[in-house]
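Chemist: Sequence:
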Amino acid sequence: MLHDARPRRPSAGNRIDLIGVPTDAGASCRGAALGPDDLRTAGLAERFASLGYVVADLGDVNVAPGLSAAAEIEALAAGASEAGYRSLETGARPVFLGGDHSISMGSVAGVARHCRDAGRPLFVLWFDAHGDFNTWATTETGNIHGMSLARLCGEPGFANDDAWFAPVDPANVMILGARALDCEEAQLIDDRGVEVVGMDAIRLIGVAAPLRRFLDRVEAVNGHLHLSLDVDAMDPSLAPGVGTTVAGGLTLEEGQMVMDLLHRSGRVGSLDLVELNPVLDSRGKSADLMLALAAQLFGELTPASRTAGVRDLTIA
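Using the numbering used here, read the sequence shown as starting at 37 and increasing by one per residue.
For the record, the hints were derived by calculation from the structure and aren't laboratory data. Where hints are given, some of them may not hold.
[As the list claims (entries may be wrong)] Derived CB-CB ranges, DEER-like: (1) Ser104 - Asp252: 24 to 30 Å; (2) Ala195 - Gly155: 26 to 32 Å; (3) Glu289 - Asp227: 32 to 38 Å.
Predicted model only: the values in this text are computed from it and were never measured. By construction, the Cβ of each residue, glycine as well, lies at the ideal position given by its N, Cα and C atoms.
I would like the entire structure built from these sequences, with the hints used as guidance.
Modeler: Put into structure tokens, the structure is as follows:
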């Protein structure tokens, strides 16, 4: 199936809600809690507004100080889930600003609740160097941000509360850009039927063909697509400001192609921007990259995307 080369506004409409979730409780390296404010300071809201969107910054999901790391993650998950659910119910599109990737336990759960209640299939594109599919039984580090997708896909061992949590069907998940999977984690991902498009495959066949096939599945059932964008999917030379860099990531051109295809699909209805660590960044390089990718997702043109219509028709 060939995608329509004409840009389309994504299905959630012309309103964007920014929801900060400032935490680094799920990671071993401190600093990601500063990510939401760094993205704001870099001009995320203004960048979206310049593309014609109505942008509301809803502030941060906050919890009481002094909690343990696990308790903080649980409280933030409940708050992020509720904030995302309410945003979608009003017809806006929530953009969650992390924070480490543990925030997705709440953000995606809220989106899943909305899709369940609306009777609409949810698909998740996990754009990440890691699978984040460890459990308490498989984890080699104990870092909770490496368990987010496993929890969302219903793996046991997590105290989920139906008041804020709804699961994701692992058959509707693609992990894109992976290159650092633990052995037991990789086996669990395979057992659950999660699709993985790792960097080895991307180097062989490119990023466009598998992503198009995934987007065709979303289109076929009028699905809602949530993009969970971890900046460490990109090569560390482009994004040094993350706590878990892995060499051999996506190039700028590959990242731009992913965002261009997602925008043209018109299916992305919610978004995570996670793992930006300003403490480790170099002159705002990683923040600027995240802004550029997010802006392209929302329709900002790059020189390459101006000729994407021709590319879409010539690449199988």
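Chemist: Take the hints in turn and mark each one as holding or not.
Modeler: Here is how each hint holds up against the structure:
A hinted range of 24 to 30 Å for the beta carbons of Ser104 and Asp252 is inconsistent with their spacing of about 44 Å. Look at Ala195 against Gly155: about 27 Å separates their beta carbons, and that is inside 26 to 32 Å. Here the CB-CB span from Glu289 to Asp227 is close to 34 Å, well matched to the stated 32 to 38 Å.
In the structure shown, a violation is registered for the earlier hint numbered 1 alone.
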